[in-house]
Every structure is written in structure tokens, then in C-alpha cells.
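Residue numbers (this note's numbering), protein chains in the order written: chain A, 1 to 318; chain B, 1001 to 1271.
Hint data in this document are derived by calculation from the structure and do not stem from the laboratory.
Only a predicted model underlies this, so the values are computations on that prediction, with no experimental measurement involved.
Wrong hints could be hidden among the right ones.
Said to hold, decoys possible - Now the stretches of chain A that chain B is said to cover, found in silico as 3 or more residues with beta-carbon under 8 Å:
(1) 15-24
(2) 155-161
(3) 281-290
All C-beta atoms, glycine included, are put in the ideal place defined by N, C-alpha and C.
Here is what each chain is made of, one letter per residue.
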Amino acid sequence: MHPLIKLVVQRLALGLILLLAVSVVIFLGVEMLPGDTAQAILGQSATPEALANMRESLGLNQPAVTRYLTWLGHALQGDLGVALTNKKDIAHAIGQRLGNTLFLAACAGMIAVPLAIGLGLTAARYAGRWPDKLISGITLATISLPEFVAAYFVIYLLTQVFPVFQPVSMVFPGMSFIERLHAVALPVIVLVMVVLAHMMRMTRAAILNVMQSAYIETAELKGLSPMQVIWRHALPNAVAPIISVVVINLAYLVVGVVVVEVVFSYNALGQYLVDHVAKRDLPVVQAVGIIFAAVYIGLNILADLIGVIANPRLRHPK
Amino acid sequence: MRIPVSALIGITMTSVFVLSAVFAPWIAPYPIDAAVGGVWEGPSSRFWLGTDTIGRDILSRLIYGGSVTIFVALVSSLLSFSMGAFFGFLAATRGGWVDTGLSRLVDLMMAVPSLIVALVVLSVLPLNLTVLILVMGVLDSTRVFRLSRAVAVDIAVMDYVEAAKLRGERQGWIIFREILPNALTPLVAEFGLRFIFAVLFISTLSFLGLGIQPPLSDWGGMVRENKDGLVYGKAAAMMPALAIAVLAISVNLVADWILSRTSSLKGGRGG
């Protein structure tokens, strides 16, 4: 078998095992914690008989392992059960919202990636001079802000100081693509800010690392312009770490998306998750949690694979 | 020794925050929960930073809220630190299945973003200070574990550790008397970063309504209380947001400075 295919299969299998382990932790780990779903639904004043009935109807009197296996079996067939709070089908509710979340994350990713690489290259080109210091200073500031604080700075600036946008992002099923883009503009700006800094810093570091090689000195000595040196000689050799860090930061969007959706009352998966944590609706939280975990693990494996593919030296284990 | 300007600013600002948190009841001009003015009044000589959604003085609430934020973040980062460092050193000195087991467990915990794990766990556990501190501390200890294990693996092969082992010292002696003193410098800079992370984490949880519960209130919760005012151009929510940002940046400046000093002394932190 081609070593590359073997590698891909290996990493995918590893990812699946990891996801399975995470689902066990999310399901069984939560079981071990003090707290009782039946009690949470009925409240503290529930009679013991009502509690017993509720446990019976929720299947809570079965052993945890049996319930996990039943749940896993159903989940694999796309049946995530019903929400405790409103008895609605979870898979259906997730299906409606997943698209909105992916749209938001995709818009942010498409702007953040080229921008981060461009800024990183600029900072590396002028390393130690004012463009580098300016870019590094701004990114240092954004890296130490939590997502929601960054969001309110952007909201305050762009809805109050310079009123160009609306502070909430509503998307409706019937909206046109352009209307949708306008609606998500603010959350996208925030998400770009949040992931930009790290990607840019890594791009800069990766380029500067390569810039110390002997062949870069050769390229400089034969009279190439600094931009030509970076584009033709440094970037191709720095591309592997850059792509890895880009994909890892896209995975980080998973966390950013949850908070940003709440800030902008954007009707999508993160908002759905936070709402149901507050309502203590465990089946919903578990299902959405595992979806976020799966996306995160998937993107991390992708980063790993791209890193190996882009760097032939890693393809031959010793 | 010359302290750079950025570090000086960081140290000064951090001290201001910590001191006002410690002496909150004496500094705050108004009680924490008293409605003393109109709704969302602008800054004035009576209320330096204005009033909030039900007419409470924002400056006073910022000072009290800061003590909650800083206290929770400090305790949880101390917890994550001692747990992470202890298990990291244990994994490095014991090796074998202890090391493998702990490392795989940490890999598993880090395979999912902390916020998602915290949300899942907090949907079951009661929301109180102890639970929040424990959840944050345990989740964040994974990062400390990785760092301290990496540092300790290098130290564990040193001759003086070998000598202690041959002398027949117990595990506790080797961890606390041989490894800890030598691993302290890189770990101190990390502590600053863990503290910031804890500040951001607790603020985010409170902002989502899943952190500090009323009547207590921290900065994240204050942003949540006042966020609706932004639509009407009331900047009340920006004050706590600004406080979080300034605290995070100040501690970051100090940590950066310590980091640059330790890496020049120790020849790098090893990533």
C-alpha cells in the first residue's frame, strides 16, 4: 500500500478512536458527577414517586453502560433523541442550525487565512522595523482579549461611534446570500480578529525561521529583492508549519463561534448549546458537545495530515 | 537590572487591580447592590463611570467585581498549577505506565476545547464558586502538566536526581526537593499565562450566564447585565469589558518580560 494512504487511514482511525473515547467521557463522565436529570426537570420539591416515574420514563433506571450503548447505537443512525425541555427532535434542531454556524465560520476563515498570511509575510519582511512592531503590538492586544470583549469593542465602534452595522445578526431561512453576508458582517469581523493574531504570529515565526538558512543567504547574495526571496525561497519551505497552524486555528473557531453567536443572538449551534446548558438539558448538551468535539478533532487531524504531506521528510518514519 | 517600560506599565497596572480588589470595601464609593442613581446615567462627578441597568454605581461594582474575578482566577490557577506540576513531575520521574496513563488522559482532555468540556460539565453540576474553581482548575491543569512534564524529563536524568534515587530518597523528596526548585523558573512565567487564561475563562462563563451567579457579580457578568444598553448608545457594558482587557494585557506584559528573562537565562523554554 502507498505509504501516504496508509498514513491517512492510520490518522483517521486514531481520530475515530479519540472521538469514541471523548463520547464515553462526555456520556459516562457526566453520569459520575453528582446531580440528577430527573431532579433537574422536576425541581427540588418533587415527590419520590414522581422522581421514580420520571427516571423510569427517561430510562434512567438502566445501568449507565447500557444507556451509553443504546445512545451510541441511535446516534450512529442519526437519531440523537429528544430534548428534555421541549420534547423536540435534537437531530432536526441541530440540522437547522449547523448550516448557520458553518456559514459564519467559513466566512471568518476565508477572510482570516489570507489576511493572516499576508500580514505575517509583511511582518517578516520588515522584521524589527515599524510595520513589524505595529502588527505585533496589535496582535498581542487582540490575543489577550476574550472573544466577547473583542465583540463588544467591535459592536461599540461600528454601531455607536461609526454606525454602519446592526448590533444583532438575524438570519432567516428566506434571506438572499447578500443579505446573509451583511447580517454576519459584524460577527465575522470579531471572529477574524480572534483567530488572526495567532496565525499571523506563527506565519511570521515560520518565515523568520527559514530566513536563517544558507540558501536564503545565497538568494540574497545573488541580488533578489526581499519580497522575491520570501515568495520564491522562504514561503515554500515554511508552508507546512503555516498550514498546520492555520487549520488548528480554524479548529479554534469552534470555541469562538459559541461565544460570538451568543453575543450577536445569532441563531445557530453555539447559541443552542449555551441555552440548553442553562436549562440543564443534558441530551442536547451531549449531542452538540460531541459535534463540536468531532469538528475540532477532525480539523486537528487534517492539520496533522497536511503537515506530513507538505513536508516529505515526515513521510518516512525511521 | 533594567526593567523595560512595558513591564513597568504591566507591573503598575496589575498592582492597581490587585490592591483595589483586596481593599474593595474601603475604596468603593457606594455599596455593591444599592441603586443610587438613575438607569444608565453617563459619567459624572457623582458616578465617575456612570450607573448600570438598575442604577447602581459602575465604579463600585467594578471594584467589587474585580475582587471576585481576581480571586476566582487566582485560586483556580493555583489549583491548576499545583495539580499540573505535581502530576507532570510524577509522570516524568516515575515513567512507565504512570507516565503513559497520565499523558494519554491529558491528550484526551485536550482533544476537546476546554470551553466545550466546561459547558457539558456545568450542565450537570450546581453552579457555585467551588464547582467553577474546580472545573476551571482541572481543565487548565492539562497545559501545566505538559509543560512541567517536559521540563522535569530533562531534569530527571541529571546526576543529582540519580544520586538522590541511589541514596534511597522517597518519591516526594525527589519531586519537591530535587526537581521543583530547578523547574521553578520556567514555571513562574507560565503561571502568569495561566492566570490570564483563568480570568478570560471565568469572564466568558459569567458572560454566558454560566459562571458567577447573582447576587455576586464579576466583570463578565457585568458585561452581560449591561449589554442591552449598547443598542441605545449606553456605554455601561464597555467599562467591565475594558477592565478585563486591561488586566489581561497588563499581566501579559509582566509574563512576557519574565519569559524573556528566563529564556535568556535558561536557553529557551523548549517551545
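Going through the hints against the structure:
1. Residues of the stretch 15-24 of chain A with a Cβ under 8 Å from some Cβ of chain B number 3, which satisfies the need for three, so the listed coverage holds.
2. With a threshold of 8 Å between beta carbons, the proposed coverage of the stretch 155-161 of chain A by chain B holds, since 4 of its residues qualify and at least three are required.
3. Restraint check on the stretch 281-290 of chain A versus chain B: 5 residues with Cβ-Cβ distances below 8 Å, three needed, restraint holds.
Every hint, counting from the list given before, is met by this structure.
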